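This is what each chain is made of:
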Amino acid sequence: MQQVQQQTTSDPILEIRGLTQNFGGLRAVSDFNVTLAGKQLTGLIGPNGAGKTTVFNLVSGFYQPSEGQILVDGVPTAGLKPHKVTALGVARTFQNIRLWNDMSVMDNIRVAQHYRLGYGFFHSAVRSKRYRQREEEIAREATELLEIFELKKYADEYPRNLPYGTQRKLEIARALSIHPKLLLLDEPAAGLNSSDIHELIRLIRWIHDRFDVTIWMIEHHMDVMMELCTHIKVIDFGQTIAEGTPDDIRNHPAVVTAYLGDDKI
Amino acid sequence: MLRRYSVHLILATLGGLVVYLAYNEYLGLYYLSVLMFMGVNIILSSSLNLVNGYMGEFSCGHAGFMCVGAYVASVLGVWLFARDRVFGAPVLDPEYALYAFPVIILAGGIAAALAGLLVAFPSYKTRGDYLAIITIAANYIIISAIENMSAIGGSRGFMGMKGVINAMEDTIYLPWMPIWVFIFTIFSVWVIRRYVSSTFGKGVNAISQDEVAAEIMSVNTNKIKTITFMLSSGLAGIGGGLFAYILGYVNPGSFNILKSTEIMVMVYLGGMGSLSGSILAAILFTILLELLRPLQIIKWIVIPLVLIILMQFRPEGIMGNRELGQTFPRLKKFYRFK
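So the protein sequences, as listed, match chains A and B. Just so we're aligned, residue -11 is where the first sequence starts under the numbering used here, counting upward by one. Just so we're aligned, residue 7 is where the second sequence starts under the numbering used here, counting upward by one.
These aren't lab readings, by the way, just hints derived from the structure by calculation. Given the structure is predicted, the values throughout are model-derived calculations rather than measurements. Virtual Cβ for every residue (Gly too), placed ideally from N, Cα, C. Be aware that one or more of the hints could be misleading.
Stated by the list, open to error - Per the computed footprint, the stretches of chain B lying under chain A, defined by three or more beta-carbons under 8 Å from a beta-carbon of chain A, are:
id, stretch
1, 113 to 127
2, 217 to 224
To be verified - One side of the interface only, derived from the structure: several residues of chain B facing chain A at Cβ under 10 Å:
id, residue
3, TRP196
4, GLY331
5, THR333
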């Protein structure tokens, strides 16, 4: 039974309650809770293997949680296939860029609108009116998106021929063509040089201002996190060890211990 | 204007010419049947390319689906419109054979598409080599099932399709088989082309390149896989139905793994993910097979040898994964194909 919701802007976009994930005997995530309200820019950090990406994989429906509940915009995602979760408005990027390398940049953006195509095989075969109309809209939307991301000049290029930083940008643009309410960025700065990182920070801030989207990001570059996020959550061994503003986190004893180790021998 | 209709024009001329030559019997039966096999091979190679090329799976059981189409179309046609040892007198007036024929062929295609589910469902969870094994298994299941149906001849095969063709020709005297083969060949290529060039069908390409990214980017991968496998095997069924009527005789043995391999050779010769490559390769391969006919069984030494040489020196096939218009951009001025 779904409850009737009072739709207000302060309703959480994402709500995770008591999320636990076991891989065999390994508890990758344990009793994880988070509530993201609209338009926030939140960070998730932790040492390698802390379970950050696992949390993202759970939210995007890639794994089914062992325990706990995930609600996207009030809708529980339990039992939904990833493409259905995406259709609810959850887009993500990957730690290692996962673009479709043998499809043009334009097609990469177009295919990511798959859930709202509104036509199926039959329409594509007979080229019905609806098909032509929708294809036109899809192409127009994709062009607009490429334009505002300044990627228009690469529209017919294959992603693998683009510089690494541009590929990152394209992957974020592709995620935004979902029209997400929640954008998950998994280490967007990985593999970028320092000037690219500066541009990335500007890009994320710009996306956050321009689109009505809640951003949740994982990142190892602390300067990126400190500059962008208003709220940071720290996990280690699947458990939340600290959370708060960037300043709180910087000096939090548990965080220092997790990253630098205990001085007790 | 001319650019827009040039493809239609060329096809109409080509079709008209073949029918005219066949009608006046300028074209011998041998050349005519080679041309018809060319059409069937185009259907088979382009439909297999949908799975092996566009979707990046590895199906080696294409002949199995062809077999389903061939048997369903043959049995249905003979039962309805021809006098036969097994079924006795025709159920319907043979006068209608002409109009029912495309429906019969399509029925074979639909049956084959349903058989394609045999591969589509496992493909949700498996891919690559493991799925390839499943396709081989599907091929064997289909052949063995038909071999054990003694009502339709079992492994001895099934015939009587000439009666249906005669019934068509009695109604209106025209070389019907070349006409139908021609129409269905164009139909198949047209459906595939429209499918893979739509944003919906580009999901197939996305699955081939990164299935995880496709699913996360809202592509319903299971649905696309089901449609693609069903379309591919359905078109193979149409090809099979036509094949059966051209020969006038089918037996399960002619749809074994060797036939599947033959179709695969055409796909790899033409280039993965290139529709024009598949068409070109089907034409070349049919001619090659006929040229090598005097060698008899030795041709099965020569053809694999061609494959080895091809894989050594041009592994991407004749066209690579490009279409004609991409390889020769100048050609685009003269035609448009959708």
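Going through the hints against the structure:
1. 113 to 127: It is violated, with 0 qualifying residues against the three required.
2. 217 to 224: holds (count 7)
3. TRP196: holds (8 Å)
4. GLY331: Violated: closest Cβ of chain A sits about 13 Å from GLY331/B, beyond 10 Å.
5. THR333: violated (16 Å)
When the structure is compared with the earlier hints, violations turn up for hints 1, 4 and 5 and for no others.
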